[in-house]
Amino acid sequence: MTPVFYILAALTLAGGLATVMLRPLVHAALAVTVAFGGLALLYLSLDAQFAGFAQILVYIGAVAILVVFAILLTRGSDLPREGVFSPAWLSGLVLAAAIFSVLAWAVLRSANSLPQQMAVPQVTVHDIGIALVGRYVLPLEIVALLLTAATIGAVIVAMHEKGGAQ
Amino acid sequence: MLFAIGLAGALVRRNAIMVLISIELMLNAANLNFIAFWRYGAHPEALTGMMFAIFSIAVAAAEAAVGLGLVIAIYRHANTTDLDEMNRMKG
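So the sequence lines, in the order shown, correspond to chains A and B.
The numbering used here applies: residue 221 is where the first sequence begins, and numbers increase by one.
The numbering used here applies: residue -1 is where the second sequence begins, and numbers increase by one.
Since the hints were derived computationally from the structure, they do not count as laboratory data.
Treat each hint with caution, since some may be false.
[To be verified] Going by beta-carbon spacing under 7 Å, a handful of chain A positions derived as facing chain B:
1. LEU250
2. VAL254
3. ALA274
4. ALA364
5. ILE372
[Claimed, not checked] Residues from chain A that face chain B, not an exhaustive set, calculated with beta carbons under 8 Å:
6. PRO244
7. THR294
8. GLY354
9. VAL377
10. ALA378
Just so it is clear, CB atoms sit at the ideal spot from N, CA and C, and this is done for glycine as well.
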């Protein structure tokens, strides 16, 4: 556990905490972008370069922009009168703490059975490409179908009512 | 830990967009687990963890697009994004 890991982990966790605790919605969207960036740097430090750059491209470059657009279109920048936390916030916190304890126990227990020292995997884009059309061709096609369906579905769902269901 | 933060955010916040953002955080946390266990676990040359994480990024992006489209459509209908006020299924 190098110091770099601790710094990146602290950055990502701070971004995550800021996301769920900040009241203005735009500030929360920017905080989640910081969390995405921290996660991308963590992937890079774990020798998963393709996943790290894909994370930057897709999450910061598309999902964060999408969220900002949605905030723009639904006028979420006005703060509601009764506050942004639902009245049942305590049960939500208790449930999240319980799930965190179970997950942490599982991870810490399984960390003992991991091999200690091994060679750093050198994964090239070439390897990923061959794996995608070789062993993982079925998930690749299914995800392509899913993305097509999601694109068409999002357009239909968000179309104007006058031109849509008649 | 990131997963628990996202889960708390999804359960506690009222704005619908905030819930979707928290769900994205949870998906990212699971991704981080995949990559970390792929790196330090057995068979890192099999690429399984990295593949799963890449597919998960793609699926999460598609789900975010559809979810935000739904939120926009609901906002047009009900003129609010407050989840506590949406307690009926029938429009």
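Exercise. Which hints from the list above does the structure break, by number from lowest to highest?
Worked result: 1, 2, 4, 5, 6 and 8
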